[in-house]
Amino acid sequence: MDNTGVAEGNGSSLPDISYIDRLEEKLAILKAISETEIPSDTPNKPPRRIDQTGVKVNVWAAFLVATVEELQQFLDFKVRSGRFFIETIETIFFGVDFAVANVISIVMNKRNTETSSYVTSSGHTAFFKQATPSKPATSKSGVGSGIESLLSKAKKTRNQFSIDQTKERDGGKCTLLHTAVTEAVHIYPVAQTKVAAECKTALYALGFIWGGNTCDKFKDALGIKDFDIPENMITLNNAPHYLWETGKITFSPVLCLPNRIDLTVRVLEPLDWSNRKGERSELPEGFATDPRTKMKDDIDSTDKITKKEAKKAVEVSFMPADTQYRINDGHRFTVTSDDTNLLPSAELLKLRDRIMVMMTLKKGADADDDVMSRASGGDDVLRILLGDEDVENDLNDKVLEWSERAGQELASLTVEEANEMAWTSSVTQRSEDMGDIFPPEIQPEDQASDEDDDNNDDNVDDGDLIFGEIVSLQE
Numbered sequence: 001m002d003n004t005g006v007a008e009g010n011g012s013s014l015p016d017i018s019y020i021d022r023l024e025e026k027l028a029i030l031k032a033i034s035e036t037e038i039p040s041d042t043p044n045k046p047p048r049r050i051d052q053t054g055v056k057v058n059v060w061a062a063f064l065v066a067t068v069e070e071l072q073q074f075l076d077f078k079v080r081s082g083r084f085f086i087e088t089i090e091t092i093f094f095g096v097d098f099a100v101a102n103v104i105s106i107v108m109n110k111r112n113t114e115t116s117s118y119v120t121s122s123g124h125t126a127f128f129k130q131a132t133p134s135k136p137a138t139s140k141s142g143v144g145s146g147i148e149s150l151l152s153k154a155k156k157t158r159n160q161f162s163i164d165q166t167k168e169r170d171g172g173k174c175t176l177l178h179t180a181v182t183e184a185v186h187i188y189p190v191a192q193t194k195v196a197a198e199c200k201t202a203l204y205a206l207g208f209i210w211g212g213n214t215c216d217k218f219k220d221a222l223g224i225k226d227f228d229i230p231e232n233m234i235t236l237n238n239a240p241h242y243l244w245e246t247g248k249i250t251f252s253p254v255l256c257l258p259n260r261i262d263l264t265v266r267v268l269e270p271l272d273w274s275n276r277k278g279e280r281s282e283l284p285e286g287f288a289t290d291p292r293t294k295m296k297d298d299i300d301s302t303d304k305i306t307k308k309e310a311k312k313a314v315e316v317s318f319m320p321a322d323t324q325y326r327i328n329d330g331h332r333f334t335v336t337s338d339d340t341n342l343l344p345s346a347e348l349l350k351l352r353d354r355i356m357v358m359m360t361l362k363k364g365a366d367a368d369d370d371v372m373s374r375a376s377g378g379d380d381v382l383r384i385l386l387g388d389e390d391v392e393n394d395l396n397d398k399v400l401e402w403s404e405r406a407g408q409e410l411a412s413l414t415v416e417e418a419n420e421m422a423w424t425s426s427v428t429q430r431s432e433d434m435g436d437i438f439p440p441e442i443q444p445e446d447q448a449s450d451e452d453d454d455n456n457d458d459n460v461d462d463g464d465l466i467f468g469e470i471v472s473l474q475e
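Quick note on numbering: the UniProt record's numbering labels position 208 of the sequence shown as 208, and the sequence is numbered without any gaps.
Source of the hints: derived by calculation from the structure; they are not laboratory data. Some clues are possibly wrong.
[As the list claims (entries may be wrong)] 27 Å max Cα-Cα, derived DSS-like pairs, lysine-lysine:
| # | residue 1 | residue 2 |
| --- | --- | --- |
| 1 | 56 | 78 |
| 2 | 78 | 31 |
| 3 | 219 | 45 |
| 4 | 194 | 225 |
| 5 | 225 | 200 |
| 6 | 31 | 363 |
| 7 | 78 | 217 |
| 8 | 200 | 363 |
| 9 | 31 | 45 |
| 10 | 217 | 194 |
| 11 | 56 | 45 |
| 12 | 200 | 45 |
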């Protein structure tokens, strides 16, 4: 079946949405899913289509972050094969809706994981309160307290060892900006194994859409006993760390080799749901609703109902400490290690990437979209707005923090590595028939790219810079 013709003509007049790969192909498959009649489990009841009026935003988002191959598998084996009744599919979608909400809650509200849906559902809260004493049991001799103290010290020692390993792997610098750093950042941010188990449980429902093979890899990655290891850490400067933690940017794996992983920066511009008039108007075409129609640039600023001017998409730019070029959406950077076990986990990165994109499609982060603004003041001072706090940065002080030049930003490629690649350094310049960026092993071999320096194409103005930090967030 040719799926490309369904969505023809939709993209020319709509704003770009760079964090969803092969969008036209996905919309075509989703339209085919919505138009296919599926048998009923009730005898003598005619086949019918999936009820599109009941499609939830969470389920729609789960479909959009799936790969084209996963969507095609769903169409062929879940919808067209006759193996699943229409009632079964619609029932499972309720579980998918719940699973998406839960994994987003776990990752983005990691400090309050006890309030996740699984724990606070009826009966579970009382169980956890009874099973978890408010204070550790301590004998009169203080043995219990002493054991706890030793365990705490051992955990701190283990954590510090992993942090040191991660920093050594990354040369003691931010992998993106090449500034000196003192912290390692977790990819999967919740250390408790019980919370990881909840995320794994949610993946069973998501596996109905994403496929068992994909979700099994995610579950295996979450099956580790300790999340304070280099596989779950990268070193980041505080500015990209903040934007990553709050769901403003994501790092998508584009190449995995035994001693190297390449990531692409993707800016996550939330969709605008402010003009909705009711539940049915959220997704007028059900699964096949084009997310670009929800982009802020596509909202009518003269809408008399909302009476709210449309905000233009923001542009987040970074300035590395050792180059003269901006880092924008689509920038690619590399993490290398002589020990494969010390590289960041591609599966954990992919899982977090999917979760953060689903959150963006759903409604975006709870924090304000404008995470940074330039304030009036001295000629040499720029202000970064992080939540409700203003942090002033003097350019002269930032100059003192520059690290030594790191040479080429991307490690040199061998001929064999180049032949395995199927990526482009600029999301906005990617050909529509390029295909999914990751994993490269499923891409046609003739789609390798020799682009090395497309990310270094915009010279910067001296007056705009916060070196080693965010440069601008322009309207």
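For the pair supplied as a hint, residue 56 and residue 78, is the alpha-carbon distance within the 27 Å limit?
19 Å, holds
Are the Cα positions of residue 217 and residue 194 separated by 27 Å at most?
18 Å, holds
Restraint status (C-alpha distance of residue 78 to residue 217 at most 27 Å)
21 Å, holds
Starting from residue 78, check that the Cα of residue 31 is at most 27 Å away, please.
Cα-Cα ~15 Å, so holds.
Satisfaction of hint between residue 363 and residue 31, Cα-Cα up to 27 Å:
22 Å, holds
Checking one constraint from the list: CA of residue 200 to CA of residue 363, max 27 Å. Satisfied?
24 Å, holds
Straight-line Cα separation of residue 31 and residue 45 no greater than 27 Å?
Status holds; Cα separation ~24 Å.
Hinted pair, alpha-carbon criterion (27 Å max): residue 225, residue 200. Please report holds or violated.
13 Å, holds
Between residue 56 and residue 45, does the CA-CA distance stay at or below 27 Å?
25 Å, holds
Measure nothing beyond the straight line between the CA atoms of residue 194 and residue 225; if it is 27 Å or shorter, mark the hint as holding.
Satisfied, since the Cα-Cα distance of roughly 10 Å is no more than 27 Å.
Are the Cα atoms of residue 219 and residue 45 separated by 27 Å or less?
Violated - the C-alpha atoms of residue 45 and residue 219 are around 38 Å apart, more than 27 Å.
Pair hint residue 200 and residue 45, alpha-carbon separation not exceeding 27 Å
36 Å, violated
In the structure shown, a violation is registered for the earlier hints numbered 3 and 12, in ascending order.
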